[in-house]
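Peer 1: Each chain is listed here by its residues.
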Amino acid sequence: MHEYSLVLALLEQVEAHAAAHPGAAVRRVELRVGDQAGVVPELLQTAFEVAREHTPAARAELVIERVPARWACPRCARGLEEGEPLVCATCGEPARLVAGDELDLLRLELEVP
Amino acid sequence: MCETCGCGDHELVPVEIHQRLLEQNDRLAQHNREHFVEHGVLAVNVMGSPGSGKTALLEATARALHGARRVLAVSGDLATDHDAQRLRVAGIESRAITTGTACHLDARLVHDALHAMEWWRADVLFVENVGNLVCPAIYDLGQAANVVVLSVTEGEDKPLKYPVMFRRADLVVVSKTDLVAHLPQVDLGRLHDALARTMPRPRVIEVSALTGQGIPEWLAWLEEQRARLPAPAAPHDHPHTHG
Numbered sequence: 001m002h003e004y005s006l007v008l009a010l011l012e013q014v015e016a017h018a019a020a021h022p023g024a025a026v027r028r029v030e031l032r033v034g035d036q037a038g039v040v041p042e043l044l045q046t047a048f049e050v051a052r053e054h055t056p057a058a059r060a061e062l063v064i065e066r067v068p069a070r071w072a073c074p075r076c077a078r079g080l081e082e083g084e085p086l087v088c089a090t091c092g093e094p095a096r097l098v099a100g101d102e103l104d105l106l107r108l109e110l111e112v113p
Numbered sequence: 001m002c003e004t005c006g007c008g009d010h011e012l013v014p015v016e017i018h019q020r021l022l023e024q025n026d027r028l029a030q031h032n033r034e035h036f037v038e039h040g041v042l043a044v045n046v047m048g049s050p051g052s053g054k055t056a057l058l059e060a061t062a063r064a065l066h067g068a069r070r071v072l073a074v075s076g077d078l079a080t081d082h083d084a085q086r087l088r089v090a091g092i093e094s095r096a097i098t099t100g101t102a103c104h105l106d107a108r109l110v111h112d113a114l115h116a117m118e119w120w121r122a123d124v125l126f127v128e129n130v131g132n133l134v135c136p137a138i139y140d141l142g143q144a145a146n147v148v149v150l151s152v153t154e155g156e157d158k159p160l161k162y163p164v165m166f167r168r169a170d171l172v173v174v175s176k177t178d179l180v181a182h183l184p185q186v187d188l189g190r191l192h193d194a195l196a197r198t199m200p201r202p203r204v205i206e207v208s209a210l211t212g213q214g215i216p217e218w219l220a221w222l223e224e225q226r227a228r229l230p231a232p233a234a235p236h237d238h239p240h241t242h243g
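If you read the sequences in order, they're chains A and B.
The first sequence runs 1 to 113 under this note's numbering.
The second sequence runs 1 to 243 under this note's numbering.
This is chain B alone, in the form it adopts within the complex:
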């Protein structure tokens, strides 16, 4: 009740909050990250448009590694487990996260999917996000690095159109470079210029999963990220089999 004059009107009370909307996701992502660091697992969030070549990049990675690193993957798609199946054929232990209508993975979806896997035995864990250049950009999953796969046919100005996604990328893999010879109108110089205007530290590797071009540089980048992982901290205060 209004205490000023006792008029019986309801009182309006301001409540200051100043809290991130994604606070709950970020907290869970940090929890994932602590688990990954504790076990020396390099978690990489692989994003990009549908059909940009995310799965093909991971298949080529498995082929090139010849089992030298233990690689696991979780693959997010609205429907089907086709990507996870493809990765299993390529020798990557993988699980599908079927999101239904959700356009992105969040920290909880990744966390829950990992409960069914021996993720802590991985050297590299790929989180293949839902194909989308918008929504996945703002959800932290607990990864050590963000990779955006952008194929040469998508248009050199894509970074300018989707700046949030590219700003958060640690690496852009320009894929399907074997097609460039057939595409006289594609100018990769324009793509590099667009990346310089969206990424403060542009890092780009041009890759063809078909011919293997750029795959050694990509593997070297992964090793560099592994070397950068913080030393495993004190053990987490609960086991990773919790509910």
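In isolation and in its complexed conformation, chain A is listed as follows:
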């Protein structure tokens, strides 16, 4: 389960950003996770609830925005149906994943004294 090591990397980033606001508590952590990012959002949540203890995010909620995977032809921009072979039926061009591999820390909400 690599979600736990991802959450540790996340908390490091959160701590670094929160450090710019002395005394601040992190209240909300927002992630964007694509369906093709290779992580399970539910497992990220579970790992976050364990790992946030004793960090500035100890009372923070984790909010995950999910992005569906979308494949398209890089030439004619035709979108592919889910499960289709990954080649454009019109151009013969290999398709490109245009959305769905995001794994990003979007924003924090800090409570500043």
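By construction, these hints were calculated from the structure, which means they are not laboratory data.
Treat the numbers as computed from the prediction; the structure is a model and nothing was measured.
For each residue, glycine too, the CB sits at the ideal point set by N, CA and C.
Heads up, some of the hints might be wrong.
Unchecked claim - Under the rule of at most 25 angstroms between Cα atoms (straight-line distance), these lysine to any residue pairs were calculated in the SDA-like manner: (1) Lys161(B) x Asp104(A); (2) Lys161(B) x Arg96(A); (3) Lys161(B) x Pro22(A); (4) Lys161(B) x Arg70(A); (5) Lys161(B) x Ile64(A); (6) Lys161(B) x Gln13(A); (7) Lys161(B) x Arg75(A); (8) Lys161(B) x Ser5(A); (9) Lys161(B) x Val98(A); (10) Lys161(B) x Glu61(A); (11) Lys161(B) x His21(A); (12) Lys161(B) x Thr55(A).
To be verified - Calculated from the model, a selection of chain B residues having no Cβ within reach of chain A, i.e. all distances over 10 angstroms: (13) Glu59; (14) Arg69; (15) Asp106; (16) Arg121; (17) Pro163; (18) Pro230.
Assemble chain B onto chain A, guided by the hints.
Peer 2: Only chain B this time, still in chain A's reference frame:
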């Protein structure tokens, strides 16, 4: 403090970040990649299920090369250095990366393992990842290419079940093809169809490490990747013996 009305409540401040979670790993992977390119080393990340035949493929590679290329390897496993030992017997200078509980290699583990090796003298460096079709897929190690080894007994629909792993593969080696004659239910056509639905540029070589079938095509693929390496860039601004 709330500055709107002075009520004494804490103020909520949004901080926009937009940063990849794996940014630190990706940065270190890029550092590895620069070192490999600088020294003309083809680094190949070999992934696949436990028991899919990753180590056997590398052993067969060493046998077929007869020393024509200098091959090094690092092998990741949760415990034991059995794979590294097997590769050393086969003539591949190799080191084990024992990950403990970690289900994948990351750029730092590879970087640190290479400090104990003369990796820059290699023509090909194999990074044999932890046997797992899930976690290793998302960690860049600095490799030039990803290879997924999938044995004929694992099920033809595996690419559909583990699409992230196969989407990132530059090559799928279908291994243990010598067994197909004994497995009437295995239909490699279905496997090729599944790969076409998970890989935008499906590239497949069917291999038997036992009989040597497909090994010449595999060696030719490796040479093709070596030829594609970018010309060595300006030397890195620090030596590779740094701490």
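Peer 1: Taken at face value, is the distance from the CA of His21(A) to the CA of Lys161(B) at most 25 angstroms?
Peer 2: Distance of about 44 angstroms is beyond 25 angstroms: violated.
Peer 1: Holds or violated: Lys161(B) with Arg96(A), Cα cutoff 25 angstroms?
Peer 2: holds (19 angstroms)
Peer 1: Would the non-interface assignment of Glu59(B) survive a Cβ cutoff of 10 angstroms against chain A?
Peer 2: Per Cβ check, Glu59(B) is outside 10 angstroms of chain A; nearest 28 angstroms; holds.
Peer 1: CA of Lys161(B) to CA of Pro22(A), is that 25 angstroms or under?
Peer 2: violated (46 angstroms)
Peer 1: Determine whether the non-interface label on Asp106(B) survives the test: each CB of chain A must be over 10 angstroms from its CB.
Peer 2: violated (8 angstroms)
Peer 1: Holds or violated: Lys161(B) and Thr55(A), Cα atoms, limit 25 angstroms.
Peer 2: violated (36 angstroms)
Peer 1: Please verify that the nearest CB of chain A lies beyond 10 angstroms from Pro230(B)'s CB.
Peer 2: Holds: least Cβ distance 22 angstroms, greater than 10 angstroms.
Peer 1: For the pair supplied as a hint, Lys161(B) and Arg75(A), is the alpha-carbon distance within the 25 angstroms limit?
Peer 2: Cα-Cα ~28 angstroms, so violated.
Peer 1: Between Lys161(B) and Gln13(A), does the CA-CA distance stay at or below 25 angstroms?
Peer 2: violated (32 angstroms)
Peer 1: Does Val98(A) lie within 25 angstroms of Lys161(B) when you go C-alpha to C-alpha?
Peer 2: Roughly 21 angstroms between the alpha carbons, so the hint for Lys161(B) and Val98(A) holds.
Peer 1: Any Cβ of chain A at or closer than 10 angstroms to Arg121(B), or is the non-interface label fine?
Peer 2: Given that every Cβ of chain A is farther than 10 angstroms from that of Arg121(B), nearest at about 32 angstroms, it holds.
Peer 1: Keeping to a limit of 25 angstroms between CA atoms, is the pair of Lys161(B) and Ser5(A) held or broken?
Peer 2: holds (23 angstroms)
Consistency with the previously given hints fails for numbers 3, 6, 7, 10, 11, 12, 15 and 17, ordered from lowest to highest.
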